[in-house]
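Could you build the full structure based on these sequences and the hints that come with them?
There are 2 protein chains.
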Amino acid sequence: MNFPPKIVEDAIEEISKLPGIGKKTALRLVLHLLKQDKDATSNLTAALSHLREDVQYCGTCHMISDTTDCTCRTITRDLATICVVQDTPDVMAIENTHQYKGLYHVLGGVISPIEGIGPEDLHIESLFKRIDTSEPKIEEVILALNPTMEGDTTAFYITKKLKALGIKVTTIARGIPIGGELEYADEVTLGRSILTRTIYD
Amino acid sequence: MNFPPKIVEDAIEEISKLPGIGKKTALRLVLHLLKQDKDATSNLTAALSHLREDVQYCGTCHMISDTTDCTCRTITRDLATICVVQDTPDVMAIENTHQYKGLYHVLGGVISPIEGIGPEDLHIESLFKRIDTSEPKIEEVILALNPTMEGDTTAFYITKKLKALGIKVTTIARGIPIGGELEYADEVTLGRSILTRTIYD
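Protein sequences appear in the order of chains H and Z.
When the letters of the first sequence are read in order and numbered with our numbering, they come out as residues 238 to 438.
When the letters of the second sequence are read in order and numbered with our numbering, they come out as residues 238 to 438.
Don't read these hints as lab results, they were simulated from the structure.
Small disclaimer: the values here were computed from a predicted structure and weren't measured.
Take the hints with a grain of salt, since some may be wrong.
The list treats identical chains as interchangeable, and a pair is accepted whether it falls inside one copy or across any two copies.
To be verified - Derived SDA-like pairs: lysine to any residue, alpha-carbon spacing no greater than 25 Å straight-line:
#1 K366 x V425
#2 K338 x L264
#3 K400 x P256
#4 K260 x D291
#5 K254 x P326
Structural data, given as structure tokens:
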């Protein structure tokens with residue numbers, strides 16, 4: 238018996254190439270699409286094609302954008318602060334906090350010697366150039382990188398270069414998450430949260 | 238700041254309409270596609286369009302197929318046995334066991350008064366017609382429906398009709414799964430596994 242038919246197998250094959258989606262989930266999605274109107278599938282494929290064909294990256298902040306000159310530099314934001322992040326979802330996460338009103342700079346990854354990713358593969362040089370030519374002058378660079386070895390390496394590399402330029406470099410606080418319990422926190426986090434304790438006022 | 242851009246938001250919106258995929262997963266998939274070659278996206282959209290436009294359902298067994306006359310009736314299979322299942326993934330699951338060589342019949346759902354699904358909404362009538370006109374004669378109908386209230390209702394409905402026609406109706410065994418532990422089995426399953434115990438030989 239020739240089952241599943243080739244047409245279904247092809248679709249499953251393509252869908253299961255996506256990260257986190259295996260053959261079973263792919264089959265479930267295929268059956269879902271087959272049960273919906275044809276419009277559902279054509280809207281999906283149109284949105285994906287449009288996305289892949291027409292998406293741009295901002296030449297300044299390297300965020301995903303509709304144009305090569307995105308709205309990252311708008312007058313309503315604090316133009317003297319740049320927040321450096323690894324990738325686009327980090328920007329969305331920080332934006333959702335409504336606690337930051339400055340500029341962003343997306344590195345597009347972190348330094349990882351194991352994976353062969355060096356500073357020249359990331360948007361690090363363009364960060365320095367951006368700071369150099371910025372008007373008004375950049376006063377603070379906030380590093381919002383993941384607290385992993387690669388993230389720390391990248392932060393260290395950027396900090397060293399920026400300090401030489403006399404720019405204030407800060408990093409987001411590492412500590413016990415709100416709602417977390419001391420008892421279950423790992424030692425490194427708890428230890429660092431004591432060392433970098435803040436004054437109650 | 239206009240973020241994420243409309244083009245990305247549209248793609249996220251469409252992807253997150255799929256079952257089990259939320260906005261965060263959709264964003265992750267979008268970023269994955271953007272990092273891949275353009276071919277990856279065009280292959281995916283082509284396979285989906287092709288699937289939705291050209292898929293057929295077999296007029297006999299109601300399985301998904303390339304044609305309206307699928308290969309369900311091949312000479313290499315046992316043509317006197319029909320296995321009745323709820324939906325296409327069930328066929329794949331049974332095929333993967335390599336323990337069944339007969340025919341299939343996909344109901345396309347189960348009787349569910351709460352959801353307003355009656356026997357007339359399913360491929361039940363066509364099952365009776367198929368059995369009626371089958372050459373060679375159908376000797377056994379195996380009900381492989383999920384052990385839920387709806388599955389049992391459907392099984393009861395089909396059994397009653399088929400018994401009147403003098404056809405042998407069986408159901409797949411319900412019991413303790415291989416590798417399962419008696420201690421953690423629910424009472425209904427364990428109770429039924431005792432009632433329907435099989436002879437060791």
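Hints versus structure:
no.	hint	verdict
1	K366 x V425	neither (35 Å within a copy, 70 Å between copies)
2	K338 x L264	between (43 Å within a copy, 23 Å between copies)
3	K400 x P256	neither (38 Å within a copy, 49 Å between copies)
4	K260 x D291	between (29 Å within a copy, 21 Å between copies)
5	K254 x P326	both (21 Å within a copy, 20 Å between copies)
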